[in-house]
Amino acid sequence: MRSFMPNILPYLESNFQLAASSYSPQCPYHLRKLHGSLIICGMNSNPTPDAKSQLWTAVEKLMLQHYGKINISRLSRDAEIGLGTVARLQNADLGIGLDKVEKIAKAFGLEIHELLNPNFAPSDKGEPLSDKAIFLARQLDKIKDPGASTQAYATCLQVLELARRTHQ
167 MRSFMPNILP YLESNFQLAA SSYSPQCPYH LRKLHGSLII CGMNSNPTPD
217 AKSQLWTAVE KLMLQHYGKI NISRLSRDAE IGLGTVARLQ NADLGIGLDK
267 VEKIAKAFGL EIHELLNPNF APSDKGEPLS DKAIFLARQL DKIKDPGAST
317 QAYATCLQVL ELARRTHQ
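Just so we're aligned: the sequence shown equals residues 167 to 334 in the working numbering.
Since the hints were derived computationally from the structure, they do not count as laboratory data.
Values in this document were obtained by computation on a predicted structure and should not be read as measured data.
There may be inaccurate statements among the hints.
In silico SDA-like pairs for lysine to any residue, Cα to Cα no more than 20 Å straight-line [to be verified]: (1) 269 / 298; (2) 269 / 253; (3) 269 / 242; (4) 308 / 323; (5) 272 / 328; (6) 227 / 253; (7) 269 / 258; (8) 308 / 296; (9) 227 / 246; (10) 298 / 328; (11) 227 / 296; (12) 310 / 296; (13) 298 / 323.
Cβ-Cβ distance ranges computed for the label pairs, FRET-style [to be verified]: (14) 334 / 226: 39 to 49 Å; (15) 299 / 223: 39 to 49 Å; (16) 329 / 249: 46 to 56 Å; (17) 333 / 239: 49 to 59 Å; (18) 284 / 246: 47 to 57 Å; (19) 230 / 301: 28 to 38 Å; (20) 249 / 320: 48 to 58 Å; (21) 250 / 314: 30 to 40 Å; (22) 326 / 235: 35 to 45 Å; (23) 323 / 275: 39 to 49 Å; (24) 297 / 265: 38 to 48 Å; (25) 248 / 219: 34 to 44 Å; (26) 332 / 312: 44 to 54 Å; (27) 317 / 284: 21 to 31 Å.
Just so it is clear, CB atoms sit at the ideal spot from N, CA and C, and this is done for glycine as well.
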């Protein structure tokens, strides 16, 4: 896995705002500086239990998948974070630093934003999308009529299949 700075900062800059008004459909949380550390916050400027409980839910799912049970001692060891940090995350008492969230994500071979996805499923980890794929998806999403949207999607699938067969 690449280092934190080049990997996550462009995502953070484009999807998270360090302001109270930020919102991203992919991840409805933003970040806030507190005593020099970035912490996960909700749609207002205060840390919310929703973001923290979402993070803990994702971590629980990962522990069950990787360890077969919830094992905070092993998580602490694998992620190289203290048991106190894991306890704060589990109990949603206080926010934890983004550096700790990064360590947890790395321990499971994930990116930070994947842990904050409300629809997170550990087995549903796909490949990162290219700019072209994202552009195409956004264009399809702009079509409001369900019938026209289905036709456009079907046409795209046919063209993509033709291109795949032609250029194998």
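If you test the structure against every hint from before, which numbers come out violated?
Violated hints: 1, 5, 11, 12, 15, 18, 21, 23, 24, 25, 26; rest satisfied.
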